[in-house]
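Student: These protein sequences, in sequence, are chains A and B.
Quick note: the first sequence uses my numbering, first residue 1, plus one each step.
Quick note: the second sequence uses my numbering, first residue 1, plus one each step.
Don't read these hints as lab results, they were simulated from the structure.
A portion of the hints provided could be inaccurate.
[Stated by the list, open to error] Derived CB-CB ranges, DEER-like:
1. A:GLN17 <-> B:PRO39: 45 to 51 Å
2. B:ILE13 <-> A:GLN80: 40 to 46 Å
3. A:SER5 <-> B:SER12: 44 to 50 Å
4. A:VAL96 <-> B:HIS75: 28 to 34 Å
5. A:PRO70 <-> B:ILE13: 24 to 30 Å
6. B:ILE13 <-> A:LYS14: 37 to 43 Å
7. B:VAL28 <-> A:LYS14: 45 to 51 Å
Just so you know, even glycine gets a beta-carbon here, dropped at the ideal spot from N, CA and C.
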Amino acid sequence: DTGVSQNPRHKITKRGQNVTFRCDPISEHNRLYWYRQTLGQGPEFLTYFQNEAQLEKSRLLSDRFSAERPKGSFSTLEIQRTEQGDSAMYLCASKVAWDTEAFFGQGTRLTVV
Amino acid sequence: TQLLEQSPQFLSIQEGENLTVYCNSSSVFSSLQWYRQEPGEGPVLLVTVVTGGEVKKLKRLTFQFGDARKDSSLHITAAQPGDTGLYLCARGGGADGLTFGKGTHLIIQP
């Protein structure tokens, strides 16, 4: 499977715990995006990497959120001290260049209890 | 803040019927994309429209971009249960990512 891969698919965590999600983009896609999607809403942009550089961060990305892409390949999104409002689907997308199609992964469904 | 308004929010129709969903904004788009998302999956790109007045067809789906590039519509002919899903329009595609509407939840009943 050469698509965008996200792990885990589902995560249930207790409030206050830290969680980390992983995204493996399509090989040679240098642009990687993280989105958050809550129930009844469209995906909302969180952050964007070009290779290993994090170039854009949304105001939605509070200081409890951190994303990395250390070698310009896979990326991780960590949420510290999770809150119930963090419950959402976290989607990753990758693309070759700015004007090409973005391919989305299947997402990680986070439930904070 | 969602800058794209999609309507209707929910639509449930019988198999074989036709339907149209809409995407509107007060801003001009350089391009607009339509995605379809199934439960538990990520969005999948259906089409990108760029030119005002442009019409694109994808089998039973017809996409139209308004002349002023502020609105778009998706028309499905003879809907089938397999068309069920969340239809999202999105603008952008630049470095700062896509801006999505809230989507239209479409259910096609057999």
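Student: Regarding ILE13 (chain B) and LYS14 (chain A), is the given constraint of 37 to 43 Å on their beta-carbon distance met?
Tutor: 42 Å, holds
Student: Indicate whether the distance between the beta carbons of VAL28 (chain B) and LYS14 (chain A) respects the range 45 to 51 Å.
Tutor: 46 Å, holds
Student: Indicate whether the distance between the beta carbons of VAL96 (chain A) and HIS75 (chain B) respects the range 28 to 34 Å.
Tutor: 31 Å, holds
Student: Do ILE13 (chain B) and GLN80 (chain A) keep their Cβ atoms within the hinted range of 40 to 46 Å?
Tutor: 45 Å, holds
Student: With 45 to 51 Å as the target window, see if GLN17 (chain A) and PRO39 (chain B) comply at their CB atoms.
Tutor: 26 Å, violated
Student: Look at the Cβ atoms of SER5 (chain A) and SER12 (chain B) and judge whether their distance stays inside 44 to 50 Å.
Tutor: 33 Å, violated
Student: Taking the Cβ atom of PRO70 (chain A) and the Cβ atom of ILE13 (chain B), is their distance within the range 24 to 30 Å?
Tutor: About 48 Å separates the Cβ atoms of PRO70 (chain A) and ILE13 (chain B), which means 24 to 30 Å is violated.
The earlier numbered hints that this structure contradicts are 1, 3, 5.
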